[in-house]
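Novice: Protein chains in written order, with our numbering: chain A, 1 to 298; chain B, 299 to 1011.
Treat the hints as calculated values from the structure; they're not laboratory data.
To spell it out: a stretch of chain A is covered by chain B in this simulated footprint if at least three of its residues, at any positions, have a beta carbon under 8 Å from a beta carbon of chain B; those stretches are:
hint : region
1    : 78-90
2    : 101-112
3    : 129-135
Distance windows between CB atoms, simulated:
hint : chain 1 : residue 1 : chain 2 : residue 2 : range
4    : A       : Leu149    : B       : Gln481    : 33 to 43 Å
5    : A       : Val262    : B       : Glu741    : 33 to 43 Å
6    : B       : Ala815    : A       : Val262    : 21 to 31 Å
7    : A       : Lys221    : B       : Ile822    : 42 to 52 Å
8    : A       : Glu189    : B       : Ala815    : 37 to 47 Å
9    : A       : Lys294    : B       : Lys432    : 39 to 49 Å
10   : B       : Asp810    : A       : Ala255    : 34 to 44 Å
11   : A       : Ile8      : B       : Ile822    : 44 to 54 Å
12   : A       : Glu75     : B       : Met299    : 41 to 51 Å
13   : B       : Asp516    : A       : Val175    : 44 to 54 Å
14   : A       : Ala223    : B       : Arg446    : 29 to 39 Å
15   : A       : Glu189    : B       : Pro637    : 22 to 32 Å
16   : A       : Trp197    : B       : Pro637    : 27 to 37 Å
17   : A       : Thr196    : B       : Asp318    : 44 to 54 Å
Computed from a predicted model, the values in this text were never measured in an experiment. Beta carbons are placed, not taken as given, at the ideal position from N, Cα and C, and that holds for glycine.
So the chains spell out like this:
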Amino acid sequence: MLQQPYDIEVGAGTMAPETFLRVLGPKPYKVAYVQPSRRPADGRYGDNPNRLYKHMQLQVILKPPPENVQELYLESLKAIGIDLRKHDIKFEEDNWEAPTLAAWGVGWQVMLDGLEITQFTYFQQCGGIDLDPICAELTYGLERIAAFLQDVDSIYEIVWAKDPQSGAVVKYRDVRYQDELQMSVSNFEKADVEKTWKHFEMYESESQALINQFNALLADKNATADAKQRFPLLAAYELCLKCSHLFNLLDARGAISVTERVGVIARIRQLAVGLAKAYVAQQNVGVESAKQQKGGAA
Amino acid sequence: MPDFLLEIGCEEIPARMIQDASQELQKRVEELLAKNSLPHQGIKRLETPRRLAFIASGIPATQPDVQEQLTGPATKVAYKDGQPTPAAHAFAKKAGVDVSQLQKVTTPKGEYLTASVTSKGKPAAQILAELLPKEIASIYWPKNMYWRAGKPERFVRPVRWIVAMLDGEVIPLEFAGIKAGNQSRGHRILGPQQVSIGSPSQYAETMTGAHVTVLSGDREYKIRKALDAATRTVPGARWREDADLLRTVVNLTEWPSAILGNFDQQYLSLPEEVLVTVMRDHQKYFAVEDAAGKLAPHFLAVLNTDGDPDGLIRHGNERVLRARFNDARFFWDTDQKIPLANRVEMLKAVTFYKDLGSYAAKAERMAALAAKLCATLEKSGQRVDGGAVQQAARLAKTDLTAELVKEFTELQGIVGGLYAKAQGLPESVATAIYDQYKPESTEDSAPRTLEAAVLSIADKADSIAGMFALGLKPTGSKDPFALRRQANGIVKICAEHKLSLNIFELLRAAFDLYDFAKLRAKPIEILKFELDIRLFFLERLDFYLREVKNFPYDIASAVLNAEKAGGVNISDVSDVLARASAVSALRDSADFAAISVAFKRMKNILRQAVETNKKVAEPFNPAALKDAEEKKLADAVPGVAKKVKELSASRQYESALHEISRLRPPIDAFFDKVMVMVEDENLRAQRLGLLQTLVNEFSSIADFSEIVTERNS
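Given the sequences, and given the hints that come with them, work out the whole structure.
Specialist: Below is the structure:
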């Protein structure tokens, strides 16, 4: 199944609900989507040919992973025109961990002629919850792969579009450079630290408040299954994503000391863990009420 | 006798884990076969990133039958009036024999029935099928995963196929839901997906046909040859040996080859250390040097395929390296804008450890501890440039704020040293900063200069003291702060730079430099700290003597158990080493062996005396001794003891040990003629006192009773 990108700032495709929430629980799920991923600290004012503040990930989730998942992955490279017989491909150990999401997995970085083109992870835990079944997460770095396919040294030299009539080309520089430059200036120099902290705290408290409300509702014996199912945990999750992005922004801005860092990460993690738990509970509400209805009819 | 082949087909196993796991599997299989009376004529390990395999050759098709003698009920219960009772029948049934075949045996407890039973050996196939899966499941992995629903098992990566064959026959074992067969898989890209194995003896050859070199040694040979061949294309060039990297690429490939790539001359303006780190650690490339040993603008990449006829792979790798070098140069240039001296302040924002404050505070403590160390060394006659050490200590950690170190953390210290030099600081300061983390492993060399040695010790002692103070000492296999490695480093530096210093005083001083109140941390009790440190360094010294210096274990124990003024005499590393060398030089002499035996005897007698509450006269009264032999021994002690003390004071331990050997005749005579544990209470106490004096006086170099001699080994 193909999905559209999520429209809130995230640092990686993993953070979109299509991954973070869907990998929880027993329900099989297979999805692919492109996710613009913002990492303020990676910005280089458009100067560095290989680093971007915002890059595009192709995120693939296979839950549970099929037995031939690696072979399928290699097929996907063939599909975009890479003749594996002419290249050198290696799966090198690279384990992944996201402390703000209480998520980790083991896997590889896939190296194509010395270039890391994909992060291949078997998710083991997400939001502090052991996954069962697990899923395979394939994250393709699209700019890198495009630069490789077009054999250019700089991401900005990638041909983005070509006029079919005139043959005139639009390069990635034309569509992205200004964004990279201005957002680097903003992230490193202009973002108002005090206000950003305030935003962070507002989003955090709102997200936490929603989680608390849901937990109260869950414990309430008189609450209906419907009331629990319509509770906006997805909104609480969006607020949590906002916190995560603002944390990255403050970090890039140099506003978080190393000592503070650990504490702030723990705060976001608390939201993520709370949400994962609440989400699983909400999914179970649906399953249980369906069971009860069935039992009642019989 | 048939051969047995097992191949566990797996998704790519991390390179760093393959060899250990393969060795462990071999060990487990050897034990399993031995335990089940299935002798083998050799086990051959074969492993690649996608498979762990072994061939056990010449194992019997079935276990041997075993004759067993079962004991049953007492005869008086088993027979009544000469007729077998139900007890006899039950026993016969259990043993599977007729009542008439039961025999009788007389034991101290009376007469009993016995039955001799033959248990048939089981087929090897059945034993392997039953027991091997448990062994596979028990292999240790530093990090493992689960992949099947319900989490039934953990392994390093998903297992995808298993081959298990006893000669041509498939063994029906099952692991992780996979039934073993005779189907293996070839190289991902070059080989066929399915490969039929005819028999274990054909395995390696069949896999070669499928583009998989299953023997790691063969892959290493192939890689070396390929690197040589690729390097020959550049006249006069050589590739730089790198044992770790070689091991890594051996474990990253199934069908290796190598290519030579080039990079632009202009990058050679960056320091070699940076270029080599980028190539080795980030790209797993071998560096190439010219005839003069200087880094040349080429690299070698080991491929997991059979070649690069179109140069596409070389082209791709060159592109990646160019980008990496550009990054490094960008960081280098950026870093030069803020000199190290201006970064001291920035260290206040860099945490050393949660409850141990910032790196700025650590640098202060290191400087103070280094000053103390310098003073101690000066006293023992070693000249250290104290000013350089102070400057280096203050700047040592500033490179942690540099972009280049944030990107290439393994270059910490080295980058600081390079920057110090580039910024015009004295050579001695730059070298001390550069070498501060040395030695980083048992094989790594100690810091080059005395100033660097002092800085390195101060850094390590500060970290060890801080962590121990918080109760974070290493336990079992857990040593998250690499404290063992750091302590090994201190020991090695002391030994190699022949530093005369007391490591326990050093660690105590390091502890005292922490302002725990200000850090709002609660350290453990100081007595507990000192005890922990003592035991910890005792272990590290033992490791150093045995594993690094290759002293036999008994010499290590003897030296580390030597006693001085009531405590263990191990505070000074170079002194410990000097004593171990002396003991080692003399251990094979007849006199020394005799002395060792005598000390063992003395200690035994004294121990028994303590256990049975016998009085030991301390000090003994020479006048109260009776026999000529004991008087002679008592007379000899003070003179020898005085000489031993003098010689020990100037570390002439071999001469001191020779001196002790001269006690052999009186000691031998004493044990020949004198009985220690006599009835006369006073005399006994005096004799025990004499022995105690001997042990006390002559155990400060080594505890001779620890030495293994032929007579008691």
